[in-house]
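Once you've looked at the hints, go ahead and assemble the two chains, each given alone in its own frame, into the complex.
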Amino acid sequence: MKLRSKFEKDGDLKFISHLDLMRAIERAMRRAQIKFSLSKGFNPHPLLSFGPALMMGATTHGDYFDVVLEDEIDPEKFKDDMNRTLPNGLKIIDCYRVDDKDLLSDRVVEGEYTIIIDLLDYGKDMGDIIERFLNKDEILAEKDTKSGKKMIDLKKYIEEFKILSVHDGKINLYLRLKISEGSPGPIHVLKALDDFAGHVFDLEKILIDRKKLILN
Amino acid sequence: MLDIKDKLDKILMKVSKPARYIGGEINSVIKDVNSVDIRFAFAFPDVYEVGMSHLGLKILYHLMNDRDDTYCERVFAPWVDMENLMRENDIPLFSLETKTPLNMFDIIGFTLQYELSYTNILNMLDLSKIPVRSKDRHGYPLIIAGGPCAYNPAPLSDVVDLFVIGDGEEIINELLDLVKACKKDGAPKEVLLRRASKIQGVYVPSFYREVYNCDNTIRTIEPLNEDVPAKVKKRVVKDLDKTYHPDRQIVPFINTVHDRIILEVFRGCTRGCRFCQAGMIYRPVRERSKKTLLKLADKLIKSTGYEEISLTSLSTCDYSEIESLIYDLIEKYKDRGIGVALPSTRIDAFSVNLLNEIQKVRKTGLTLAPEAGTQRLRDVINKGVTERDLINSTREAFKAGWRSVKLYFMLGLPKETMEDVKGISDLAHLVADVYKDVNGNTKGLKITVSTSTFVPKPFTPFQWCPQDDMDTIIKKQNYLKELLKGKIFHYNWHEPKMSFLEAVISKGDRRVGQALIKAWESGCKFDGWDEFFKFDNWLKAFESVGIDPRFYAYKERDFKEIFPWDVIDAGVKKDYLVREYKKALEGRLTNDCRLYCTGCGIKDLDEGVVCFETEK
Numbered sequence: 001m002k003l004r005s006k007f008e009k010d011g012d013l014k015f016i017s018h019l020d021l022m023r024a025i026e027r028a029m030r031r032a033q034i035k036f037s038l039s040k041g042f043n044p045h046p047l048l049s050f051g052p053a054l055m056m057g058a059t060t061h062g063d064y065f066d067v068v069l070e071d072e073i074d075p076e077k078f079k080d081d082m083n084r085t086l087p088n089g090l091k092i093i094d095c096y097r098v099d100d101k102d103l104l105s106d107r108v109v110e111g112e113y114t115i116i117i118d119l120l121d122y123g124k125d126m127g128d129i130i131e132r133f134l135n136k137d138e139i140l141a142e143k144d145t146k147s148g149k150k151m152i153d154l155k156k157y158i159e160e161f162k163i164l165s166v167h168d169g170k171i172n173l174y175l176r177l178k179i180s181e182g183s184p185g186p187i188h189v190l191k192a193l194d195d196f197a198g199h200v201f202d203l204e205k206i207l208i209d210r211k212k213l214i215l216n
Numbered sequence: 001m002l003d004i005k006d007k008l009d010k011i012l013m014k015v016s017k018p019a020r021y022i023g024g025e026i027n028s029v030i031k032d033v034n035s036v037d038i039r040f041a042f043a044f045p046d047v048y049e050v051g052m053s054h055l056g057l058k059i060l061y062h063l064m065n066d067r068d069d070t071y072c073e074r075v076f077a078p079w080v081d082m083e084n085l086m087r088e089n090d091i092p093l094f095s096l097e098t099k100t101p102l103n104m105f106d107i108i109g110f111t112l113q114y115e116l117s118y119t120n121i122l123n124m125l126d127l128s129k130i131p132v133r134s135k136d137r138h139g140y141p142l143i144i145a146g147g148p149c150a151y152n153p154a155p156l157s158d159v160v161d162l163f164v165i166g167d168g169e170e171i172i173n174e175l176l177d178l179v180k181a182c183k184k185d186g187a188p189k190e191v192l193l194r195r196a197s198k199i200q201g202v203y204v205p206s207f208y209r210e211v212y213n214c215d216n217t218i219r220t221i222e223p224l225n226e227d228v229p230a231k232v233k234k235r236v237v238k239d240l241d242k243t244y245h246p247d248r249q250i251v252p253f254i255n256t257v258h259d260r261i262i263l264e265v266f267r268g269c270t271r272g273c274r275f276c277q278a279g280m281i282y283r284p285v286r287e288r289s290k291k292t293l294l295k296l297a298d299k300l301i302k303s304t305g306y307e308e309i310s311l312t313s314l315s316t317c318d319y320s321e322i323e324s325l326i327y328d329l330i331e332k333y334k335d336r337g338i339g340v341a342l343p344s345t346r347i348d349a350f351s352v353n354l355l356n357e358i359q360k361v362r363k364t365g366l367t368l369a370p371e372a373g374t375q376r377l378r379d380v381i382n383k384g385v386t387e388r389d390l391i392n393s394t395r396e397a398f399k400a401g402w403r404s405v406k407l408y409f410m411l412g413l414p415k416e417t418m419e420d421v422k423g424i425s426d427l428a429h430l431v432a433d434v435y436k437d438v439n440g441n442t443k444g445l446k447i448t449v450s451t452s453t454f455v456p457k458p459f460t461p462f463q464w465c466p467q468d469d470m471d472t473i474i475k476k477q478n479y480l481k482e483l484l485k486g487k488i489f490h491y492n493w494h495e496p497k498m499s500f501l502e503a504v505i506s507k508g509d510r511r512v513g514q515a516l517i518k519a520w521e522s523g524c525k526f527d528g529w530d531e532f533f534k535f536d537n538w539l540k541a542f543e544s545v546g547i548d549p550r551f552y553a554y555k556e557r558d559f560k561e562i563f564p565w566d567v568i569d570a571g572v573k574k575d576y577l578v579r580e581y582k583k584a585l586e587g588r589l590t591n592d593c594r595l596y597c598t599g600c601g602i603k604d605l606d607e608g609v610v611c612f613e614t615e616k
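From first to last, the protein sequence lines are chains B and G. Under full-length UniProt numbering, the first residue of the first sequence is numbered 1, with each subsequent residue one higher. Under full-length UniProt numbering, the first residue of the second sequence is numbered 1, with each subsequent residue one higher.
For the record, the hints were derived by calculation from the structure and aren't laboratory data. The reader is advised that the hints may include incorrect statements.
To be verified - As a list, the in silico BS3-like pairs of lysine-lysine whose alpha-carbon atoms are at most 25 Å apart: (1) B:K35 / G:K332; (2) G:K10 / B:K191; (3) G:K603 / G:K233; (4) G:K302 / B:K2; (5) G:K481 / G:K363; (6) G:K180 / B:K205; (7) G:K481 / G:K406; (8) G:K295 / B:K35.
In this text the structure is predicted, and so the values were computed from the model without any measurement.
Chain G on its own, in the form it takes in the complex (with noise of 0.2 Å):
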């Protein structure tokens, strides 16, 4: 390990932000490495300042640390000059705290928050001399995974030997229970596998089988031993006001994504929009009290000395009390110069009256997210917002002295016309009237509109839905970008080859599997990184596998189908996405939960799983 810091300090001379390796950050954590039981390698396979703003890793890093008998570290995925130096020079992937070579470590995690980092997860494992494929390891370090990518296992089934489905740190504890027990034992990687497939949420591929029709759809997943659960229930906290939050953070010397506290409100989201994952997979809605929240901030401003604070869930502006926690913390803490930061903003007045709180202490921004670009469209979606909406958040906006609005859409999502497409230009003129409605002319104006391509992803009722073709998006894209000329509208657009191999890799099987092990042989690593993205690659990658990608992405599916990942139980039953979907393709809303149930399942997951509705 010495050996490590002393090849470090040479080479970390030579790369850029050489801080992402040095670690001694405040609020990280020193043990002892012979006093512990258990070392855990939280791994993150995408760059420090990306990884270092996860609230998972701020959670479960100091949720594992105030165990006694466990050593949670970082490691992230170095950049590419550190990654060739590292090759030059010997140098195995290392934790931050300790620089311990992380095949050392007992348990290596990785947490899955997009797809397109999984080839930087066989990179660090190559890094670290580990191999690659679970069936060519034996004994530790063991490897885990989990987060909202873990839902489909299956690209992944050939590499990770447990995926953890839901909530992680309602499972953790217990899988490190386990693997402390295994260790003293001696037990084998086989019989620990066997026992941890006992614990509510956890997957063992490598005890199930994909089974193909000959249309390449899967014909079943089978278990391989009797003894293994049918399907996978992942695990919910059920009080997540008691729930572990940690009251310190790790403060990084550079720049990070979100370089400021992160306060987790509330977890899952009511409000049923039919494209996005995270609102059907982190059901039910559970809220922290305004007293704990008040409390936790207190101690996360002492123990960081940070000078912001983020509300963060998936809709902040929904939290019960969001009003009084703002207005509480914003009074406490605006002598200190201590702001506070909203994520994510709703389209209504009220969310800009929030704004205008907030904006007394630090200046935001004002990003606002309609999605789609006509009533139709939103309404297909089940996003409940309207132009009335937009008109009045912005007007009240613009007469609180914003001069630039950022627009988020979505292109090519089901059913979407060009007329939808011109849709989004209209919104942003229509914006852009209301300024001039506001300050008599458009001077000072910045209007940025952004579009993603949709993506269809598992656990939505979009799930079925075909993703547009390249061509198509790229016609649409070509269209805005000449709909959005002049000097106020400034459009980005994302990358439709990626977004094409995201919805692959996101609905893709364990055949996917196979070609994402080839791509990163043939040198794919960091693909959501433009500069490093080899598409080429990746198509070779599929072909040699045999499949073709434009299956997974492309096909419209039958309700019948059986899907890679219908061997994970994720609550929302089945009946109520197909239900959603058909809602959508009629143009019909469904309300949010919050006013009365909509039966998605996930009240029946398990007992004492409690959401919004049923509290009330």
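Excised from the complex, chain B in its bound form (with noise of 0.2 Å):
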């Protein structure tokens, strides 16, 4: 059976790479001993896959991951138990049965952050520069891909984007932003925006919460 879990990783967690959690996510489930399924092949690993990587130093209060298992479980327990043993800044907050056919990697098309920065520049408009920002005609930004540097339009990706607060010289802001192979992240998002303002951010503090994924 299939198992869809939506999950939390917050505090110092956001300081974990993918990769580690998926390796903190597969010894968890080993010590519930929740009997999973295993890979074939010459280094067995178990049937998990999980939603696009969140950027490192960023948190998420909803994020998923499926997990094939051997026997029948209530999704229920298999979120208690893993509770019980899921180091601090991880947790599952909802887990459910889905299809043994419904591939997690088909089902994402949206992300919703939060986003806090501390401003250098608090002089500036930042309701109207986003505004301009967002009607010009394409918004090319450099991504770092497999095959090197690629430029892609934000544009086609941002849906929402908008300011929920100011304040302590700290701003608040809102994106929505479309996921698909090669989809930029908020961070793309970011640096093109304080390009275009004329450097108003400090970029190195910032605190990026993927708040949920949004499955269709």
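Set out below in structure tokens:
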């Protein structure tokens, strides 16, 4: 059977990579004595799949992973057993059964983010800047891919982008992005906006939280 | 402390592998710091991934934390990017568990695993705002050190307050009790050290003085007080089967060097290879019973969730019940995809059969260590393996489907000639021929030949031997590079300058220790890492304290000479080492002492010290 779990990664665990996260989940399943299915081959590993990787330093409150299990197990029990043994900072918030053919990668369509950044320049009207930014014909940004740097048009991916609040020299933003093969992350949008606005952000002091992945 | 946590959050975004510094791993221990009497920082003078692979840390961390009155936390050397940001932001070195600055601990215990980590010890003290010289420190923290390199405590004698010689788990509880009592009484450090020096296995360097002859050899190591022992006897765990082995281990978030369960099957080694310090200082051989090991394995698997369990020792295939132990583990856990790993493999067909068994769950590499290229030289070092062993085991391995082999050798062994060096290449070619014989061609074959450089170590039969000079080593390495050409072969070698420095420090006296401090002051750290190794700074440091490093590494020593480490009694007697050295020069073998006692002297160390042979 295949279970889909919605989880949080928070606190200091924002500093672990996607690969570290996968290992942490695998080992937690072993500690929880969950009988998961193994791949065939020289180095058997669990049949685990995750949504798009989160950048190092970002938290999430709604990412997903799928796992194929040997035995039938109540999703609630899976959730509780896992939560008892997951390290602080990782928590499963929801778990349900899905069809074996249901692929997480086919389901993830959007990501919702909140972002807090230190402002370097308080004088500018950020609302106006973001409006003009979004009204450009195209928003080009450079993205590292496996085959080197590539220019992409961010505009095709930005579904929603707005200011939630500005106070204490910090700006709080909301961003919803389309997710597909090779799609950009929030950091690409922020850098492009920062360039457009003439460097208003302290990009070293930036907190990104993926509020949730949106499945179709 | 909150201050450190706040500052950390900001700088961790900017460093490589920030998870090195966050703690919070499964099975790491969180205690209320106000509820304990002693706070102990276990310090590993290298980066997290290296330190977290270390068995001693795993044992002592949980052993100490099982005491209600003690809280043991961990600290590692921050990588240079982190160090720079810490210094810039005025963040002192802190423990991973509670982010407490190190200077607030009662005891900081360094483990000495290799000499080229010593500058990191100084750097870690400095990052903690603790003076590096013990004479400049008053009160706590007490700086202690143990581990294999503590057997020659001389180079760190100006830095460390006390050394723990031998098996740490045997001694640490007594030391913690003493520190607790002294803290309660408000006893000054001097009194604490005086009382500690009465514990067997504790060496307090400030109570001794090295006196030199005009030829720079040591005339005497003089106790400065009447009530300290003339020789400090190591401590050994007598019954390993009944001795503490943790049933849980910290599970790091990031990949470490040995990222698996480490289960210690036995301690010590009976083979008697003459270059091997571990084989001498960890005597006698003490095994854990299969029953105990299976029970521990089960608990460790449950508590860690690891997918692999490594059976650790100096020569795991020598374990009395190795075959059935491996078979039982594989049978029990294979359905869950949990594999078994052997860290070191002896060269015989038997070992390959074991690997075949292991292979059923997880594919492993094949690493064999003939150590020397010719039978003559293997007899000199008492490595009791033959060309026939190598042919048989690689044949079995190739038949079973292995395509790559790693072969480990040492260059610069005593009495080595260019013919012996060529022998290394000959063996590699022989292995290629075996592959061709099995598979019809050499398609897919990869043979990796690695040579380290021989470093004469204290308490080995080769402690009197000179090291090959760097030019000779380079010549030998270049010769091998020439001989090991072609697609099949890959040749790795060690930086000769590092091996030279390792020899100087491992045989060094207290004057080398002064140079160590100078070298660190001039910017040396992470000396074992190519990108940071500053050989010229070291040479200047030696010059500035007026010593010639070549004296330590290259001089053939006299049997009558007093060594800096002669203040330590490692159990193995000097006359045994002399005997073994003489036999080496004659190319005569000594049997494995599982067969019968070779008279090394370890049984006379203490009452109740039993080694494998007497047990039978």
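Now the hints, each set against the structure:
1. Between K35 of chain B and K332 of chain G the CA atoms are separated by roughly 14 Å; this keeps the pair inside 25 Å, and the hint holds.
2. With a CA separation close to 19 Å, the supplied pair K10 of chain G and K191 of chain B stays within the 25 Å bound.
3. For the given pair, K603 of chain G sits about 13 Å from K233 of chain G by alpha-carbon distance, which is consistent with the 25 Å threshold.
4. Only pairs whose Cα atoms come within 25 Å are accepted, and K302 of chain G paired with K2 of chain B is accepted, the gap being roughly 23 Å.
5. Between the alpha carbons of K481 of chain G and K363 of chain G the distance comes to roughly 30 Å, so the proposed pair goes past 25 Å and is violated.
6. For the hint pairing K180 of chain G with K205 of chain B, the CA-to-CA distance comes to about 44 Å; that exceeds 25 Å, so the pair is violated.
7. Taking the CA atoms of K481 of chain G and K406 of chain G, the gap is near 16 Å; set against the 25 Å cutoff, the hint holds.
8. Our distance criterion of 25 Å between C-alpha atoms is met by K295 of chain G and K35 of chain B, whose separation comes to about 21 Å.
When the structure is compared with the earlier hints, violations turn up for hints 5 and 6 and for no others.
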